[in-house]
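Residue numbers (UniProt numbering), protein chains in the order written: chain C, 1 to 174; chain L, 1 to 433.
To be clear, the hints were calculated from the coordinates, so they are not data collected in a lab.
Among these hints, one or two may not hold up.
[As the list claims (entries may be wrong)] Pulled from the structure, derived: some chain L residues nowhere near chain C, Cβ distances all over 12 Å:
| # | residue |
| --- | --- |
| 1 | Phe62 |
| 2 | Lys155 |
| 3 | Lys158 |
| 4 | Arg204 |
| 5 | Met215 |
| 6 | Trp230 |
| 7 | Phe262 |
| 8 | Phe273 |
| 9 | Thr278 |
| 10 | Ile290 |
| 11 | Ser306 |
| 12 | Pro325 |
| 13 | Ala338 |
| 14 | Asp346 |
| 15 | Asp395 |
| 16 | Lys425 |
[Said to hold, decoys possible] Derived contacts from chain L toward chain C, CB cut-off under 10 Å, selection only:
| # | residue |
| --- | --- |
| 17 | Lys114 |
| 18 | Glu121 |
| 19 | His405 |
Idealized CB from N, CA, C, for every residue including glycine.
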Amino acid sequence: MEHAKIMKALAMAGEIVGRKKLQKMIYIAKKMSFPFYEKFGFHFYGPYSEELTLRIEELCNLGFLNEMKEKRGGYFQYRYTLTEAGEEFLSHYDIEMPHLQECMQDMNKQNSRFLELVSTILYFENLSKDEVKEKVFSLKSKQRYTEEEIEQAYAYIENLRNKITGNKNQEAVS
Amino acid sequence: MAYPGGQLSEEKVFKDPVHRYIHVRDKIIWDLIGTKEFQRLRRIKQLGTTYLTFHGAEHSRFNHSLGVYEIIRRIIDDVFVGREHWDHSERLLCLCAALLHDLGHGPFSHSFEKVFHLDHEDFTQAIILGDTEVNKVLRRMGDDFPKKVAEVIAKTYKNKLVVSLISSQIDADRMDYLLRDAYYTGVSYGNFDMERILRVMRPREDQVVIKRSGMHAVEDYIMSRYQMYWQVYFHPVTRSAEVILTKILHRAKKLHEAGYSFKTKPVHFYSLFQENVTLEEYLRLDEAIILYYFQEWQNETDPILSDLCRRFVNRNLFKYVEFSPTNEQMKKLLELNALFKKAGIDPEYYLVVDSSSDLPYDFYRPGEEGERLPIYLLMPNGELRELSRESVIVDAISGKRRTDHKLYFPQDFIDDLSTKRATKKKIKEILEG
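Next up, chain C with everything else stripped away, as it sits in the complex:
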């Protein structure tokens, strides 16, 4: 079932470029209360899940996900899409995750650097804003995030939450 949920998220997002981006999108979705149960810890680029890495690899081995490896300068980049077999498999599951599609598509339009910042802020969401900034500046010093980017990330998180709760409120009214 957990595999199917990841596939569903990918199907909703369309193509996702980059392992880092994929990790951050699922983490952010989890923090938005979508039912993903992969465990995340804090690593180089912020929240990262070994379980998710494993799940993606298994889905690739099963032929449900297509992983395209391409050389980009000094490193490899990976593109992920759902295969036809994956779509067929997914059709056997009835997975209801309202508003996930809007969130995944919105996140997919952002770059991985920004999603890294958003997910890092969410990781420390129990801290005050000043403490979060201090964490971003000390733990992500190499990324050189600016105050302005941090504000944008906070606004983005609020916007994502509104997409979910706003829509829920609308449903309640109608």
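Dock chain L against chain C, hints included.
The following block gives chain L in isolation, referenced to the frame of chain C:
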């Protein structure tokens, strides 16, 4: 700020079969060991269900936590003290984090976390920061000290050298568990020359590095790790016990939700079933309590719960066959699923695919999600070189994940299908394929 009472008037020692002695001189460490949250670790086995495969593996998370503390103490006091990049004011912080790094582990963590969506790391944080004896001891160092300890363990502390001592690809945690688990299981694979590695560790601004002359000891450590994962941690019999344990928890939860009337009510499980367990409730759990329920549930009227508990308690485990998750094998699995139902064996509990996977060592891939801090060698000219670029052995296994899938089932149930001969034959044909 210093800890009230500073150092003990006399050093205390614990006898330890792995490190010979564990030395305690700092009062804060002595006080932390005495807290009820730390003592609870005596009642949680380090290797969960592994004792059903390797009967010696009865050691606890208490032993391991003391071991990690001792390794860090030796690194700091015997190797790092007085060296450039090492800030000795971080000493007590490192020692406390080392001692407490596994504090949030619960009974049979792996299965419990999977079924009830828990995370022991969250509980480690909650114990250190919450209203606990551990928190009271730590606060004697200053109000922000518990937070710092929690950050080191969560890998979010600003001094990355401190974090890397406790959590990296060559850290005190791994060194202790490899040696300790090898000792208690009785296998010979996990041994490596830890003394040598400690002597060649050097502090750098962001992490610990290893002098080039110690490369072969590190190679040995990495190969030990590789062997231990496949020979001990992922042993198929241990995984069979783990599969049954997981299914017991699933069944108990399902029965509770369906309003089943338990002869022995799962009082300790209620908040776990509802996924709203409090810290106090969590700390009440240990393996003795869980095993008590399994003993009692052998007498439940639900045939699945009682059967699974009997299997676990009496070590009547599931058998297994190799399974590779290809399309063809998935079709066979669906077929087996249908045949099990036809035979009256519920496949939800009695036909289980279990996967294990490990990445023995990984190097850094800039820009992409590799996420593991590589091991750096300090060359004689002062340069740093990533380990797999120098070591042919490490290069051979770098970045190569090994995964193993197995299909578990109750052989005895299938053998007993004497009235459903055709179904039995088909099941056997597929399983023995």
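A quick look at each hint next to the structure:
1. Phe62: holds, 24 Å
2. Lys155: violated, 5 Å
3. Lys158: With a cut-off of 12 Å, lysine 158 of chain L comes too close to chain C, as the shortest Cβ separation is near 4 Å.
4. Arg204: It holds; arginine 204 of chain L is separated from chain C by about 16 Å at its closest Cβ, greater than 12 Å.
5. Met215: holds, 24 Å
6. Trp230: holds, 16 Å
7. Phe262: holds, 26 Å
8. Phe273: Given a closest Cβ separation of 16 Å, the condition holds.
9. Thr278: Per Cβ check, threonine 278 of chain L is outside 12 Å of chain C; nearest 17 Å; holds.
10. Ile290: Non-interface label stands for isoleucine 290 of chain L: nearest chain C Cβ at 21 Å, farther than 12 Å.
11. Ser306: Holds: least Cβ distance 26 Å, greater than 12 Å.
12. Pro325: The assertion about proline 325 of chain L is violated, with a minimum of 5 Å to chain C.
13. Ala338: holds, 14 Å
14. Asp346: holds, 17 Å
15. Asp395: At roughly 17 Å from the nearest Cβ of chain C, aspartate 395 of chain L sits farther out than 12 Å, so the non-interface label holds.
16. Lys425: Fine: 28 Å to the nearest Cβ keeps lysine 425 of chain L off the interface.
17. Lys114: Given a least distance of 8 Å, the restraint on lysine 114 of chain L holds.
18. Glu121: holds, 7 Å
19. His405: holds, 9 Å
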